[in-house]
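> Chains as they are written, first to last, in my numbering: chain H, 1 to 181; chain Z, 182 to 438.
No wet-lab data here; the hints were simulated from the structure. No residue lacks a Cβ here, since even glycine has one placed at the ideal position from N, Cα and C. Warning: the hint list may mix true and false statements.
The list that follows gives simulated cross-link-like pairs (lysine-lysine, DSSO-like), each with its CA atoms no further than 30 angstroms apart [claimed, not checked]:
{"no.": "1", "chain 1": "Z", "residue 1": "LYS277", "chain 2": "H", "residue 2": "LYS115"}
{"no.": "2", "chain 1": "Z", "residue 1": "LYS213", "chain 2": "Z", "residue 2": "LYS277"}
{"no.": "3", "chain 1": "Z", "residue 1": "LYS213", "chain 2": "Z", "residue 2": "LYS307"}
{"no.": "4", "chain 1": "Z", "residue 1": "LYS210", "chain 2": "Z", "residue 2": "LYS277"}
{"no.": "5", "chain 1": "Z", "residue 1": "LYS307", "chain 2": "Z", "residue 2": "LYS210"}
{"no.": "6", "chain 1": "Z", "residue 1": "LYS335", "chain 2": "H", "residue 2": "LYS115"}
Here are the computed distance ranges between Cβ atoms for each label pair [as the list claims (entries may be wrong)]:
{"no.": "7", "chain 1": "Z", "residue 1": "ASP189", "chain 2": "H", "residue 2": "THR2", "range": "53 to 61 angstroms"}
{"no.": "8", "chain 1": "H", "residue 1": "GLY23", "chain 2": "Z", "residue 2": "VAL226", "range": "27 to 35 angstroms"}
{"no.": "9", "chain 1": "H", "residue 1": "VAL11", "chain 2": "Z", "residue 2": "VAL226", "range": "28 to 36 angstroms"}
{"no.": "10", "chain 1": "Z", "residue 1": "HIS368", "chain 2": "H", "residue 2": "ALA12", "range": "41 to 49 angstroms"}
{"no.": "11", "chain 1": "Z", "residue 1": "MET220", "chain 2": "H", "residue 2": "LEU15", "range": "26 to 34 angstroms"}
{"no.": "12", "chain 1": "Z", "residue 1": "ARG274", "chain 2": "H", "residue 2": "THR2", "range": "35 to 43 angstroms"}
{"no.": "13", "chain 1": "Z", "residue 1": "THR240", "chain 2": "H", "residue 2": "PHE22", "range": "40 to 48 angstroms"}
{"no.": "14", "chain 1": "H", "residue 1": "ASP111", "chain 2": "Z", "residue 2": "GLU254", "range": "15 to 23 angstroms"}
{"no.": "15", "chain 1": "Z", "residue 1": "ARG237", "chain 2": "H", "residue 2": "VAL11", "range": "32 to 40 angstroms"}
{"no.": "16", "chain 1": "Z", "residue 1": "TRP280", "chain 2": "H", "residue 2": "GLY23", "range": "20 to 28 angstroms"}
{"no.": "17", "chain 1": "H", "residue 1": "ALA12", "chain 2": "Z", "residue 2": "THR240", "range": "34 to 42 angstroms"}
{"no.": "18", "chain 1": "H", "residue 1": "TRP122", "chain 2": "Z", "residue 2": "GLY255", "range": "35 to 43 angstroms"}
{"no.": "19", "chain 1": "Z", "residue 1": "GLY255", "chain 2": "H", "residue 2": "ARG132", "range": "25 to 33 angstroms"}
Here are some, though not all, of the chain H residues that point toward chain Z, as calculated from beta-carbon distances under 8 angstroms [unchecked claim]:
{"no.": "20", "residue": "PHE7"}
{"no.": "21", "residue": "LEU21"}
{"no.": "22", "residue": "ASP60"}
{"no.": "23", "residue": "HIS85"}
{"no.": "24", "residue": "LEU101"}
{"no.": "25", "residue": "LYS115"}
{"no.": "26", "residue": "LEU135"}
{"no.": "27", "residue": "ALA139"}
{"no.": "28", "residue": "LEU140"}
Chain by chain, the residues:
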Amino acid sequence: MTVVLTFVVAVALFLTLLWLLFGNRRPKTDATLAALEIKKLLPAHCRHFPQVQRALRSQDEEFIDRRAPRYLAKRWRAERRQVVHLYIRGLAQDFRGLEQLARLIAMLSPDIRRKQEWEWLWLGIQFRLLYRMTLLRFALHSLPSDELMQLTEMLTGLAAGLEHSLDRLMPKLAQVKTTTI
Amino acid sequence: MSPALAMDLRWAASSILEFGVFSLAVRRKAFKELPFFSMYLGLLVSSEVARWLAYRVTTIASPVSFGTYWTTEGLLVTFHALVVYEICRLLLRPYKGIWRLCQPFLFTVGAVLIVDAALATRDSHKIANAILAGERGLELAALGILLFGLAFCKYYGVRIERHLLWIGLGLGFYSAVQVANNTFMQHGLGWYFLIWENLRLISFNIATVCWFVAVLKPLPAAQPVPALLNQQEYEVLVPQVTARLRELNTRLLEMWK
């Protein structure tokens, strides 16, 4: 039993090593942040919320139900769901951008707080779980537009706050070479 | 071809490969950036010479040969662990904050696994088993440190230079194989010895080929150390990012109420 267990552990450790060394490696380009524009890390998808909100209006639904043939209404609903689904995915992309920014800040900080890093790590795990659950819930029901609006407002607020601070830090951040961006 | 001759030929080929990697590393002036790795390669070549002399002067089963083999092996495993630490340091040291954060983890992982190895050695009644358990524990410690260091690189998106990637792969591969191989040997019977020996040699040759690939091309010039943020800038940015990340999660949670 010990022998089998050790073999499994050794294989798992080696696979982990391969993943850490070769997994998700981008092409061998000089991926400096300068080339990729740091502002791309700031929330962007949330800016499209007005359009998404228009797509979610209940008046539209009533109008389509009254006027359009059934097959057309069905297609319209499916397309509308697709838009919201893409939007939620976009919000997740915004979150990942922020998370990446947080890690860049940590990389360039001479003295980072351990507690802070744990919190960012925990928030990332929490977000991923919640995001998956939200997608699942969306697949089963529909999401109320009010809640989407709250999410969006929050991300837009973040963009405004950070843009000012980042303008001053851009030259330093641009020096960092990373694999993940 | 007799098995003894075949074994001698394999051993000679392995030694030539090790010497080739060492020569190439010297040519690439690897000792400037990777002093422990260069010393490790040098030690490999000198160990082969010492073992060969011990086997020739005495016999392969003599206490002198046994002592020479395991003393050089102990030195090699120790240097192996130092090379792993060197790789982690090279990757993360430019980022002072992360390196400070990572170091205690590396020391803790290393210390725990070494203590575990020491305990395993104490529990073994036979000397051969004690050596195998000790070596397995040290290999596991080296592998654990390497994985932790690389996990930090992955999390923060630190770029791993090509040569460090291949050196790390060679070290990690050999350690992983030895962890399993030594366990089998401890629990196996006499029949496993030949497999154990061959696996040891083949895996080490594969690791040496990885190191050969690492030093095949000229080593890249050292990257300039990025300018770090000052404390004030950090204090301004961190609360903003944290608050927003936290808020986003809160909103997502609210959807579930």
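> Output the numbers, in ascending order, of every earlier hint that fails for this structure.
3, 5, 7, 10, 14, 19, 22, 23, 25, 26, 27 and 28
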